[in-house]
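S.K.: Could you build all of it, start to finish, from the sequences and the hints given here?
Following our numbering, the numbering of the sequence shown begins with 72 at its first residue and continues without gaps.
Since the hints were made in silico from the structure, they are not lab data. Every clue listed holds true.
Across the chosen pairs, the derived CB separations fall in these ranges:
#, residue 1, residue 2, range
1, S127, V105, 18 to 26 Å
2, G75, A114, 46 to 54 Å
3, V105, I125, 19 to 27 Å
4, V105, G75, 44 to 52 Å
Here a beta-carbon is modelled for each residue, glycine too, at the ideal position from N, C-alpha and C.
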Amino acid sequence: MFPGIGVAVALAAMLVAVPDTQALTLEDAMSLAVSEHPGAKAAQLEAEAAEREIGSARSGY
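M.R.: Dropping the structure here:
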């Protein structure tokens, strides 16, 4: 009967369903990526292990 009303209701429903977004700082985005992506977390742990090995290599052990 009123085809425009169905479209208006659908658009209104989509606007209500859209979550609020917020801007992230670069540091926040990197932290989120590391916490959410297993490959990034593994790379971070490998880098930390390599840094610890530098200290033991310099100490002569």
